[in-house]
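Number of protein chains: 2
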Amino acid sequence: MALPVETFFLQPDAQGTLQSQIQQMIARGILSGRFQHGEKLPSTRKLAQHLGVSRITVTIAYTELLANDYLSSKGRSGYYVSENAPSPPAFSQAPDTQDAIDWTRAIGQRFSGGVTPRKPQDWSDYRYPFVYGQVDQSMFDHANWRLCALQALGQRDFTSMTSDYYDQDDPQLIEFILRHTLPRRGITAAPEQILITMGAQNALWLTAQVLLTQRRRAALEDPCYHALRDILVQSRCHVTPVRVDQDGLPPEAIPPDTDVIFTTPSHQCPTNATMPMSRRHRLLARAREIDALIVEDDYEFETSFLRPPSPALKSLDTEGRVIYVGSFSKSLFPGLRLGYLVGSEPFIREARALRASVLRHPPGHIQRTTSYFLSLGHYDALVRRMGSALHERRTKMEEGIAKFGLTIAGQGAHGGSSFWMRAPEGIDAKLLASRLRNRGVLIEPGQSFFGGEDKPQNFFRLGYSSIHPNRIVNGLQELAAEIEEMMPSGSIRR
Amino acid sequence: MALPVETFFLQPDAQGTLQSQIQQMIARGILSGRFQHGEKLPSTRKLAQHLGVSRITVTIAYTELLANDYLSSKGRSGYYVSENAPSPPAFSQAPDTQDAIDWTRAIGQRFSGGVTPRKPQDWSDYRYPFVYGQVDQSMFDHANWRLCALQALGQRDFTSMTSDYYDQDDPQLIEFILRHTLPRRGITAAPEQILITMGAQNALWLTAQVLLTQRRRAALEDPCYHALRDILVQSRCHVTPVRVDQDGLPPEAIPPDTDVIFTTPSHQCPTNATMPMSRRHRLLARAREIDALIVEDDYEFETSFLRPPSPALKSLDTEGRVIYVGSFSKSLFPGLRLGYLVGSEPFIREARALRASVLRHPPGHIQRTTSYFLSLGHYDALVRRMGSALHERRTKMEEGIAKFGLTIAGQGAHGGSSFWMRAPEGIDAKLLASRLRNRGVLIEPGQSFFGGEDKPQNFFRLGYSSIHPNRIVNGLQELAAEIEEMMPSGSIRR
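If you read the protein sequences in the order shown, they are chains A and B.
Heads up: the first sequence begins at 1 in the numbering used here, then just goes up one per residue.
Heads up: the second sequence begins at 1001 in the numbering used here, then just goes up one per residue.
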């Protein structure tokens, strides 16, 4: 590749002759790794013009660099970075500025250090990746997604792709969600009651910002999605964790001074409990009684394959009390970063204004591609295919769990894509997870899902959306063997 | 299209026989516009199975609906929504829930009502759209963008598209920006010093959140980018507007208790002033003196076509004092929503943690597509082509401005894509803009760019990135005619 002339700058305060400055600039570029072996330099004429120096100055500098073997020349075709030029040190070397800022003071608000664990980026290199929320390449309908993306890249959709929508969304996507996605959950809504978000994460974040302040109280499930706890901690509201049972969040345990209740009725995260209909009605009644709002995170309803999903809590809501969070990340793919909020218009108006300030709008091209994928029926087909693939894996999981005497702590009556597990007392799931890596097994230790001081140490989550079904049983065998090894000798399990 | 069986729900608390409930459910779907003329219903067998009722119940319900002409049947091929079925009212009718929430109380923080004006979504329908920041279809390299997107949609890049990156970015894009984009601005940085954002808007927002609190002070240019003012107001810090002159922000006027200085040295927004080198050095010295950080918004450097751009302020910074905001929105297209932050590692770490909480990461597919577009050289070619197209338009603008006696208030020495204009005293630019719409002319009134109480009323911005060059002169003629009409009679300009 030719090095564009625009990347050449003389330091305004540099020492020495122009010629030596040019030499230094080029040598520095090579030594720092910016200019790589074989790359072509601008012609002497071009560089001279760009820098506002005489051409002879550049020619002399180039000749010097030739002699030093930084550059090579190929007859009339110009100058290149020599193959023999010194190699740069590793690219990530610190630049030679001295940071003089006291960042401890300069940073006004800290956001790092939350409870959300760093997940391994290289999960797919593990033999037994029981990770949650990633996608299995073999399940995804890549060909049709590609066709839809192509269609959305066409001239006809040029505006939808390139325009600044300001605070608006793709009307095609909104209409499809209103007409087809929400009705599956029993929800009717008007266009002003929906906002497209950068995934469910972004929907939860926007909701917390709009509804919560330092003087308000949020109730959330315990255990729960760790990123939600980080969001609420950052919003500085009071947070009450409410321990869930086998039916999810118990309405009676929600404190009366709660302003906003966060819940996952379809598949409680992470225990997978599905809230029965009677409890949904009681939860709504409780919210009415204490005048709280409910945020329903329906992040995983599409992977309900064992029984038809129950209607969403939002569909039972006649007062505008429920704010509904939907996501395409589980059913399409997480890298898509597309979800949505459904709620009363005054709420959506504020969430929209905040979204506009934070990021304006999710990219138009992605919204339009998704709209095609949904409306051409590929999404329905994908959800069906994923349902049967997950069903198969779940069967294998149940087989292996029974065979190796592992213990399920939660049950997903409607499917889902993970099991919530309990190791024997005394086993630290974090240590277990770290030891399992040596066996090529990835699991998610459960500690970070719990709030408060007294976190149970022996829970963990096994996702089965990304692991090949033929590896499930062997992976569970490794898991059981590791637990066995960690057990104190003389314990009941030899 | 066939209506998926999953969209059919019986209301758990509905009255009447099962058969009449099914009839009502379908009629309601048709009346509400969810089911449209000609759409196919699920077979009686499928629907019965889904609802858990007997097939004969569904058959009777369908037969009733046939008789009422809600449905039609086409022999053995099944049931369809009849072409004669009642038409739904306009789709956006309010759902029949009664909102019982006191949203004035329920909303904890308000974000609507900022100064950022709502821009017309239908700008491209106007004959003379002097709008800023939208893209001209004829300039964009649509074919190559499409090829790059296709490549990024390929199997090889599947992971980069579909994965949850958690808090990370596409390493290919990061590397390209470090090796090629930043060096053009004289900046060297390490990978840990850069964060991809959802456009410059998102970069500025993240920066404000990390650096500012209620106890800190930001200095910003006056006039300035209105969305920045909204961001700072939302962050609740103290804000000092500093009036700019023909060279941009005057360093001496920055109050000594300032913590963060926001500036646009390349093209002051909206006056287009380019800060001379000597003032850049003085600005850095002033920041050091009062121990303030500088946020350099380099939103438009790529459209510098009159002279080579000066190196960024960041390139002169040896202390980590400058945080640099870059954007691909102006040079690629605004709907892309892609920009980046460059700064010291402790700062980037916090911005990254906050971004992860707010939205995780910009979609992987978009990062990878951009990375291909950049690395295959299409971006450089596009910038060159845009430069000459903007140059041509600028010449036409200058012609027309001179010919019709309009007044430029600011000058963009290095190009840009707009003029900052001054109407005669006494002309209200908002009124002018609103009257011009009837002539098919869109301009941006300047009021919202100013802070404080005493906003000048007669400034406006003329963008020329989206208007066809052949329409420029006529558009300016309309503008001049409207100003003429608005002048009080007997004024100096007849």
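The reader is advised that the hints may include incorrect statements.
Mimicking DSS-like on lysine-lysine, the simulated pairs with C-alpha atoms at most 30 Å apart in a straight line are [claimed, not checked]:
(1) Lys1455(B) - Lys1430(B)
(2) Lys74(A) - Lys119(A)
(3) Lys396(A) - Lys1046(B)
(4) Lys1396(B) - Lys46(A)
(5) Lys430(A) - Lys455(A)
In short, the hints are calculated from the structure, not lab data.
Treat the numbers as computed from the prediction; the structure is a model and nothing was measured.
Evaluation of the provided hints:
Among the hinted pairs, Lys1455(B) with Lys1430(B) is consistent with the structure: their alpha-carbon atoms are about 12 Å apart, no more than 30 Å. Annotation: proposed proximity of Lys74(A) to Lys119(A) is violated, straight-line Cα distance about 49 Å (limit 30 Å). The straight-line distance between the Cα atoms of Lys396(A) and Lys1046(B) is roughly 28 Å, inside the 30 Å bound, and the hint therefore holds. Of the supplied pair hints, the one linking Lys1396(B) and Lys46(A) holds, its CA atoms being roughly 28 Å apart against a limit of 30 Å.
A threshold of 30 Å between alpha carbons decides the hint, and for Lys430(A) with Lys455(A) the separation of about 12 Å falls inside it, so the pair holds.
The structure does not agree with numbered hint 2 stated previously, though it agrees with all others.
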